[in-house]
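Numbering (our numbering), first residue to last: 2 to 225.
Think of the hints as simulated: they come from the structure by calculation, not from any bench. Worth double-checking, as some hints may not be accurate.
Here are the simulated lysine to any residue pairs, SDA-like style, with alpha carbons at most 25 Å apart [said to hold, decoys possible]:
no. : residue 1 : residue 2
1   : 92        : 190
2   : 91        : 129
3   : 92        : 218
4   : 192       : 216
5   : 92        : 153
6   : 117       : 129
7   : 139       : 192
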Amino acid sequence: SYSEYCDRILADKSGRELLQLLDLITAPDLHQFFSEPQQFAFLSQRILPELNKKGANSVYIWSAGCATGEEAYSIAIVLQGNKATEGWRKKILATDVSSYTLDKAREGIYPAEELKLLSPSILAHYFEREGEDTYRIKGTLKEIIEFRKLSLLSPPPFRECFDVIFCRNVMIYYDRGIRKGLTSYFHGCLKSGGYLIIGPSETLPEAEVNFQYVRSSIYRKASQ
2 SYSEYCDRIL
12 ADKSGRELLQ
22 LLDLITAPDL
32 HQFFSEPQQF
42 AFLSQRILPE
52 LNKKGANSVY
62 IWSAGCATGE
72 EAYSIAIVLQ
82 GNKATEGWRK
92 KILATDVSSY
102 TLDKAREGIY
112 PAEELKLLSP
122 SILAHYFERE
132 GEDTYRIKGT
142 LKEIIEFRKL
152 SLLSPPPFRE
162 CFDVIFCRNV
172 MIYYDRGIRK
182 GLTSYFHGCL
192 KSGGYLIIGP
202 SETLPEAEVN
212 FQYVRSSIYR
222 KASQ
């Protein structure tokens, strides 16, 4: 019964039962690469050239709630293929609370169905066929991504270090109070003028944090 299962979780001092439950309830449905392509176009055509004009020689992006890695690898494809970032130091931090999804992300093996938005040239350049209907990410993308287990509800371990934060379709699952806290958290983690990209059905709590609205689902930390 449910009550017996709850008792078992509470009685397990090792925490393994609770971790297994978290893995189950946070394991996502299958995602596609370049989901919401207009957001990746904004990264490629607006954010990266903007950083280049400012004389940047590095870019640091956080994929918060990275699930099985499609978002992080999509970001990596943009960074590796953009002329504005040639010769730059490129780093992506991809975090999730689920060990299961992080293991899948590190493995980097995906069904062909998830890659249908990719052009043949991108598919050939960054993927190798693993089986009849699966592909494996090549090392050129993996080498710029760090996958790390992290709960967004824990105290922030970062401060003003990211140029861009992707946190899409995560805050929608939390109440207003937690969303407000996360928004403040992300604000503190972004560099001045950095961008926060959220899910298309999400909005930030208005007038609560110093973010400027750029366009649907894209916000910018005010420059200091």
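Verification of the supplied hints:
1. 92 to 190: OK: residue 92 and residue 190 at ~15 Å, within 25 Å.
2. 91 to 129: holds (22 Å)
3. 92 to 218: Roughly 23 Å separates the two Cα atoms, so the pair holds.
4. 192 to 216: The hint holds at about 19 Å.
5. 92 to 153: Measuring from Cα to Cα gives roughly 20 Å; hence the hint holds.
6. 117 to 129: holds (15 Å)
7. 139 to 192: Roughly 30 Å separates the two Cα atoms, so the pair is violated.
Checked against the numbered hints given earlier, the structure breaks only hint 7 and satisfies all the rest.
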